[in-house]
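Colleague: Listed below, chain by chain, are the residues.
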Amino acid sequence: MKTQSCVEVKNEWGIVAARQAGRSLSKEIGFGSVDQARITTAISELSRNIYLYAKRGEICLEVVEKPSKIGVKKGLRIIAQDQGPGIPDIRQVMVDGFTTSGGMGAGLPGVKRLMDEFTIDSEAGEGTVIKATKWLR
Amino acid sequence: MKETVQNLEETYKHILKMFLHQKSEHGLYEAQQFSKVLLEHQVSPEELISVHREVLEELFPTIAEEVLDSLDLLLEVMMGYGMAYREHQSLRDRQLELESEIEVAANMQQTLLPKEIPSIGSLDIGVISVPAAKMSGDYYHYIKDDNQSVGVAIADIIGKGVPAALCMSMIKYAMDSLPEQRLQPAALLENLNRVVEQNIDDNMFITMMYGSYDSRTHEFHYSGAGHEPGFFYFAKHDQFEELFAKGIALGVSRDAKFREYSRKIETGDLIVFLSDGVTESRIGDRFIDREEIIGLIRNYMHLSAQEVVESVYYELAKLQDFQLKDDFTLMIIRREV
Amino acid sequence: MNLSIRYENKADVVVLYVAGEIDAYTAPKLREELIPLAEKGNNVKVDLSDVQYIDSTGLGVFIGALKATDANNSRLTLVGMSQRVQRLFTITGLDEVMAIEEEEGSK
Chain A
1 MKTQSCVEVK
11 NEWGIVAARQ
21 AGRSLSKEIG
31 FGSVDQARIT
41 TAISELSRNI
51 YLYAKRGEIC
61 LEVVEKPSKI
71 GVKKGLRIIA
81 QDQGPGIPDI
91 RQVMVDGFTT
101 SGGMGAGLPG
111 VKRLMDEFTI
121 DSEAGEGTVI
131 KATKWLR
Chain B
1 MKETVQNLEE
11 TYKHILKMFL
21 HQKSEHGLYE
31 AQQFSKVLLE
41 HQVSPEELIS
51 VHREVLEELF
61 PTIAEEVLDS
71 LDLLLEVMMG
81 YGMAYREHQS
91 LRDRQLELES
101 EIEVAANMQQ
111 TLLPKEIPSI
121 GSLDIGVISV
131 PAAKMSGDYY
141 HYIKDDNQSV
151 GVAIADIIGK
161 GVPAALCMSM
171 IKYAMDSLPE
181 QRLQPAALLE
191 NLNRVVEQNI
201 DDNMFITMMY
211 GSYDSRTHEF
221 HYSGAGHEPG
231 FFYFAKHDQF
241 EELFAKGIAL
251 GVSRDAKFRE
261 YSRKIETGDL
271 IVFLSDGVTE
281 SRIGDRFIDR
291 EEIIGLIRNY
301 MHLSAQEVVE
311 SVYYELAKLQ
321 DFQLKDDFTL
331 MIIRREV
Chain C
1 MNLSIRYENK
11 ADVVVLYVAG
21 EIDAYTAPKL
31 REELIPLAEK
41 GNNVKVDLSD
51 VQYIDSTGLG
61 VFIGALKATD
71 ANNSRLTLVG
81 MSQRVQRLFT
91 ITGLDEVMAI
101 EEEEGSK
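If you read the sequences in order, they're chains A, B and C. Numbered as in my numbering, the first sequence ends at 137 without a single skipped number. Numbered as in my numbering, the second sequence ends at 337 without a single skipped number. Numbered as in my numbering, the third sequence ends at 107 without a single skipped number.
Keep in mind that the hints were calculated from the coordinates and are not lab data.
Just some of the chain C residues that point at chain B, by a computed CB distance under 8 angstroms: (1) Ser56; (2) Thr57; (3) Gly60; (4) Val61; (5) Ile63; (6) Gly64; (7) Lys67; (8) Ile91; (9) Thr92; (10) Gly93; (11) Leu94; (12) Glu96; (13) Val97.
Reference listing, derived: stretches of chain B covered by chain C, where coverage requires no fewer than 3 residues with Cβ under 8 angstroms from a Cβ of chain C: (14) 204-216; (15) 221-227; (16) 242-250.
Here a beta-carbon is modelled for each residue, glycine too, at the ideal position from N, C-alpha and C.
Start from the sequences and build out the full structure, keeping to the hints where you can.
Modeller: Now the structure itself:
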């Protein structure tokens, strides 16, 4: 059973709502307080990017599972997507130190370091989809 | 010594408990030393706050809820510091990688530079080349042939690291392997230009001056590719003149053609090749005048060519507090007999 | 070490107004703005009236832009150079392959 809950992001309230949804779900899954904070921060940064650059998009959250040595491992997947301007040079945005919105350490490489898995797809003029997953330890 | 995260947390708890039990400078010192261990193990600030919160809850079961809540807020704020710290680590790793690439390129350059100044009966040659940073973008080379003639080149490669070092090897190869071209500077530059243009990045280029001194006729034939003008000194009239050979920098235009110039060199005359690190020396907030450089050479002209270049370098470096902004190369050739 | 760039879309040319110094630190910023315009096939004019200093890294950016406009059959023009900057283009021989104008007609 796969449930996906989505939050629309088109202003800063959307960012807060997405954070809230992320914190609740991560708590439910059983993440500790530090990982809850990391997941929430990742959602926060991704939503902020949507808000600042695409103007609108959505954050979807789902519980995921994968086989592990002791049965099944649970995790949380964030899917951030928009139909905004897209990223013309993905390599550039995945380099540390590159940030157009100020703030050290933020940016996509920072988000990638908060999570366990990370994929990005973007096409200029079409939009962007970023998926990031964190697994329970 | 590798510690597990759990061990580190236990140690932190211990240090904190001891300190709360009895405040002392020793306790604070222990904490400070321990923070180095935490950093070595890349424990992030937010993890530490979480541990701290747990200890407080453990030690003070009746602690005000607000105090613990305040730590939740603090954790959120420290997330930003944690991210900045991790980015810093990543950038430092990248910097180390870049530095080692430059190290490789600088070593390549060392093997490509001449080991010694050629000895030609009638000439006194001096050279100095000082990099502004780890690796110089300036390159120079000599090639002596059996007729007591010598080809000299000075070049400024615009670009960094290994690609720049590869350009230097192209120049050395062109000079070392094409004997019939040595007396035809224009042809040498044309060949070199074609090779360079096809093999370097669009943003890179090379400025170069190449000349060939014929010991039999005492004529100096030279061509230039966008390089900073040097000087001639004519002893008979005690006059300095600009040494300029018009031509486009290498690597810009595939079919560039170069003009060849010639000058008869008399006894006591000087040929001065330099890079723009010399002419762009700053005095205070203005650039040096070419006349001032001539003045410096005049001051030391009575010494050997090597002593002249070293003295002029020292004066110009001193004016800039020995903090060169650009690579500095100066070569002087004097006809002795 | 400071560089500012603004641009204006005119009838058949994009004009870039550059101010400050173009050196090894600021050249990447200029490259980011100029090269994409050149690669898209626009005619590009760069106004250097407020540029005090260019070093060889800066020249490299213009060479890259020239190659891009040549490849796309469009035109790169530089205007408003100071004497110092003009000298650099003359010595490196770039004045013979680049379109350089004296004055910008209207700002």
